[in-house]
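6 protein chains.
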Amino acid sequence: MVNRGLYVGRFQPFHKGHLGAVQNALQFVDELIVVIGSAQYSHNNHNPFTAGERLVMIQRAVLEAGLDSGKLWIVPVPDVHLHMLWVSAVEGYTPKFNIVFSNEPLTRRLFMEASYQVRDIPFFDRKIYMSTLVRKKMVQDDNWMELVPKSIAEFIGEIDGVNRVKALALTDKIS
Amino acid sequence: MVNRGLYVGRFQPFHKGHLGAVQNALQFVDELIVVIGSAQYSHNNHNPFTAGERLVMIQRAVLEAGLDSGKLWIVPVPDVHLHMLWVSAVEGYTPKFNIVFSNEPLTRRLFMEASYQVRDIPFFDRKIYMSTLVRKKMVQDDNWMELVPKSIAEFIGEIDGVNRVKALALTDKIS
Amino acid sequence: MVNRGLYVGRFQPFHKGHLGAVQNALQFVDELIVVIGSAQYSHNNHNPFTAGERLVMIQRAVLEAGLDSGKLWIVPVPDVHLHMLWVSAVEGYTPKFNIVFSNEPLTRRLFMEASYQVRDIPFFDRKIYMSTLVRKKMVQDDNWMELVPKSIAEFIGEIDGVNRVKALALTDKIS
Amino acid sequence: MVNRGLYVGRFQPFHKGHLGAVQNALQFVDELIVVIGSAQYSHNNHNPFTAGERLVMIQRAVLEAGLDSGKLWIVPVPDVHLHMLWVSAVEGYTPKFNIVFSNEPLTRRLFMEASYQVRDIPFFDRKIYMSTLVRKKMVQDDNWMELVPKSIAEFIGEIDGVNRVKALALTDKIS
Amino acid sequence: MVNRGLYVGRFQPFHKGHLGAVQNALQFVDELIVVIGSAQYSHNNHNPFTAGERLVMIQRAVLEAGLDSGKLWIVPVPDVHLHMLWVSAVEGYTPKFNIVFSNEPLTRRLFMEASYQVRDIPFFDRKIYMSTLVRKKMVQDDNWMELVPKSIAEFIGEIDGVNRVKALALTDKIS
Amino acid sequence: MVNRGLYVGRFQPFHKGHLGAVQNALQFVDELIVVIGSAQYSHNNHNPFTAGERLVMIQRAVLEAGLDSGKLWIVPVPDVHLHMLWVSAVEGYTPKFNIVFSNEPLTRRLFMEASYQVRDIPFFDRKIYMSTLVRKKMVQDDNWMELVPKSIAEFIGEIDGVNRVKALALTDKIS
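Protein chains in written order, with the working numbering: chain Z, 1408 to 1582; chain E, 1408 to 1582; chain X, 1408 to 1582; chain D, 1408 to 1582; chain L, 1408 to 1582; chain P, 1408 to 1582.
For the record, the hints were derived by calculation from the structure and aren't laboratory data. Please note that a few of the clues may not be correct.
As the list claims (entries may be wrong) - Pulled from the structure, derived: some chain L residues nowhere near chain P, Cβ distances all over 10 Å:
#1 Gln1434
#2 Gln1466
#3 Ser1495
#4 Gly1499
#5 Glu1511
#6 Gln1524
#7 Asp1567
#8 Lys1573
To be verified - Here are the simulated lysine-lysine pairs, DSS-like style, with alpha carbons at most 27 Å apart:
#9 Lys1557/Z to Lys1478/P
#10 Lys1478/Z to Lys1503/P
#11 Lys1423/D to Lys1478/D
Stated by the list, open to error - Covered by chain X, according to a simulated footprint, are these stretches of chain D (three or more residues, beta-carbon under 8 Å):
#12 1504–1517
#13 1559–1568
For glycine and all other residues, C-beta sits at the position ideal for the given N, C-alpha and C.
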């Protein structure tokens, strides 16, 4: 039986902390499922990038880092907003897994209530703050590029991503 | 014709103020419908408990208080998030009623716009603040138990509810 | 630990076969949860009656049959239409249960895949055909009343239910 | 107080029967609200045209027929699929009205249950069959144009509508 | 080919700034589509008025200002909350258009990403703040009437709108 | 610029015809996106398998056939049921693409209306009938295995898939 892990994030954008978490998790499992959460959202303040754009980011980062892509499943999963259904929704979109990697308190709680083994990710600052920081630095023309893999910085350039994040920072639209 | 009242709450958790409101309303009607609002939500900051857990809480509180359960209808109703549809949604999930008990300004307004008789609940501090307070005391290991019926404190213990509320207070997940 | 069963139906309307199933299930458990499925629907061909009307029907049938209402939980649950989430949705709306009573092949399969014990309901013709039959007899002014408990026939009269079912049989509206 | 009527259809497409119904209704009211129902749907077998396309069709037919457009409100309303909420949804999208024109059995029933006055539309064959017939003739290259106002036939030509209807008749996609 | 513009707002309520924007846009196009955004919402803090009420407001303001209503399409469009789908949703509810009038950063960005021409609205303070201001003045019994066309102030009086806005300012209900 | 194709299916299950279509498409593009459509559905008659299960099927078939997995993107996309939004939804979940491979009339029409280049798939019998046929043979204990790659037949065995399809063929549940 294959030993398969699950790692969930929104990856807005995927940064070096996420990459470190993937590399760490791969030491403990044969295969790792990377779930792109809140996949249906884009163009809002918490989620500037589409699922497709995030898919490309992760693929490029995996190539750049020389990871074995044969061990990774990268799967977008839309948010159902009913937390009591969320574990089942993740199970429906992914291959079977037996261990969950997460430092996020509610993610840990939900998978533990569903009887999964849950592991800490060592040396990993809580992810949302870092993605939040990347986006904040984008708005302020500060050096966000050092926080993400080089290939991702290039991709964000290709899609004019920084201007999208800046427009979102000014919007009145309710997301 | 039976004189039937309606009382709506989210009951996160059901506390002594809610119980007092039920007891008060029962003086004016033959039967009372207790609507568990926002029934589809759980495991988020405003709604830690599932509809099923809230159903058990109310049932136990009714037993503990010695109320006549034959006069009560306890009905979970999911939120439709379109307030112009909300009164119709409540009507669809419940037996017919002719009077609404509420101190909540919008609930009162919506039922009055739909031509229902609406009554104040005397001596009842606005409910959400109290449930909010119960949850806040849970997070702070303060004495939340004195705010809820004894049987509910026990039930929250059985389901490890305080740790769930604490996890929710720390989460990054967007609900 | 209480031994608690689950029994799911749409109850459009609740008929004598449903009542027999409830009575049968109560022989094997301390408490029984009766789930009113597809609770959000009404006024369509498969679902003429609202959840609230079905709640009243079941309550009256329980009284008429002299069942111990203290052993029953009657809970409306809206349909999520994603079968991979359905067991979790039912779990979220109900008290914990450990056994499921059903002859319906998919209901059985879904709860078995979720590791529940599932029991047959003996001497019970597949339910939807019977409710379908009751509605068909209503449209044809045939004797539908003998198929339902007397108190339910009366209630359907009170709400002019037969004319609603007849209007639905003629409608073009897409449900 | 203005005497305002309501007339609901899907108008897939708007044909001469619909136009006759509008003209008839205008004899009884000061203003008429024409609701474009199922507004969110398009490109499926029952609903080939978008709400925007149907809006243009009705506007052109009104001009062609020389009706007083100052007496008409043309309002797209998306379907909520919960019939118990449908009357409230229509009320939310429209100006206040006091009379409903319809021959459709469920539409009549829903508005009567909500205490509206409902009137028959004389000399009007049930609408869905006629729109269905127009679409069927399109697929068969039969003379559908004689069933719709001339300006609408032209508009359907402009948007290559017949080929869309033909593609839909062949599709496997589940709508 | 007709030169047709698009102008989107929530119009909660429609005020003199909106009217000025419409008048300005009409100088550049043959026809203007006024989209009533977030059409499904009402009775919440950001959206007190229904789509139907907003439709009446705009119609009255157009009459009061003596604009040519034959050049205007007023179309309610519900929000889909997935910004990557929003431009397509607007396209589905409206006649074809070729230019978008907006000062809102995300609206501009989304239509530019979809290759539309986007124009500034001169001398127009960002809309949401002004509608927000109107509602704030309503709550404070300050002079909100001077900010809206006279016919709209009258209409808000007819529907007891100020008391609705005040109730919403006090509510606990989660919208 | 990379030449990237798109190929959409529900893959219930993925069979040899699908595999042939993928192989054919790879002759014309550098990379191919395989969209698993209707991703949110499972356990119903048209969609017995979850998105996760279909993901595993395709991965195994790709390995078995010796295709270059570095040229493939396999992406689950949930159905939005509003065809006017569907192309935008697909665009949101996927990397940018410039050519669509499809024999399905509506899929072709929707992408052509959105100005994509659309290509026929040669020697490919319309897919849904074949998946329908596989499922029909499963129900009849006929030889379905010869229609799918060997590794997929094995996987369906691992997850007891035939019994799930048989249960679905007997169900009353409305999907």
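Status of the stated non-contact between glutamine 1434/L and chain P (beta carbon gap over 10 Å): 31 Å, holds
Chain P versus glutamate 1511/L - minimum CB to CB distance exceeding 10 Å, so not interface: 20 Å, holds
Pair hint lysine 1423/D and lysine 1478/D, alpha-carbon separation not exceeding 27 Å: Between lysine 1423/D and lysine 1478/D the Cα gap is close to 19 Å, so the pair holds against 27 Å.
Check on aspartate 1567/L being off the interface with chain P, judged by Cβ distance over 10 Å: 36 Å, holds
Whether chain X covers the segment 1559–1568 of chain D (at least 3 residues having a Cβ closer than 8 Å to its Cβ atoms): n = 0 at 8 Å, threshold three: violated.
10 Å Cβ clearance of serine 1495/L from chain P: Non-interface label fails for serine 1495/L: nearest chain P Cβ at 4 Å, not farther than 10 Å.
Pairwise hint evaluation, lysine 1478/P against lysine 1557/Z, where the allowed Cα distance is 27 Å at most: 22 Å, holds
No chain P beta carbon within 10 Å of glycine 1499/L's: Glycine 1499/L not clear of chain P: closest Cβ-Cβ about 4 Å, inside 10 Å.
Coverage criterion applied to the segment 1504–1517 of chain D (partner chain X; beta-carbon cut 8 Å; 3 residues): Holds: 7 residues of the segment 1504–1517 of chain D have a Cβ under 8 Å from chain X.
Cβ separation check - lysine 1573/L to all of chain P, threshold 10 Å: 37 Å, holds
Given as non-interface: glutamine 1524/L, partner chain P, CB spacing beyond 10 Å: 17 Å, holds
Pair hint outcome, lysine 1478/Z versus lysine 1503/P [Cα-Cα no greater than 27 Å]: 24 Å, holds
Violation of the numbered hints given earlier is confined to hints 3, 4 and 13; the remaining hints are satisfied by the structure.
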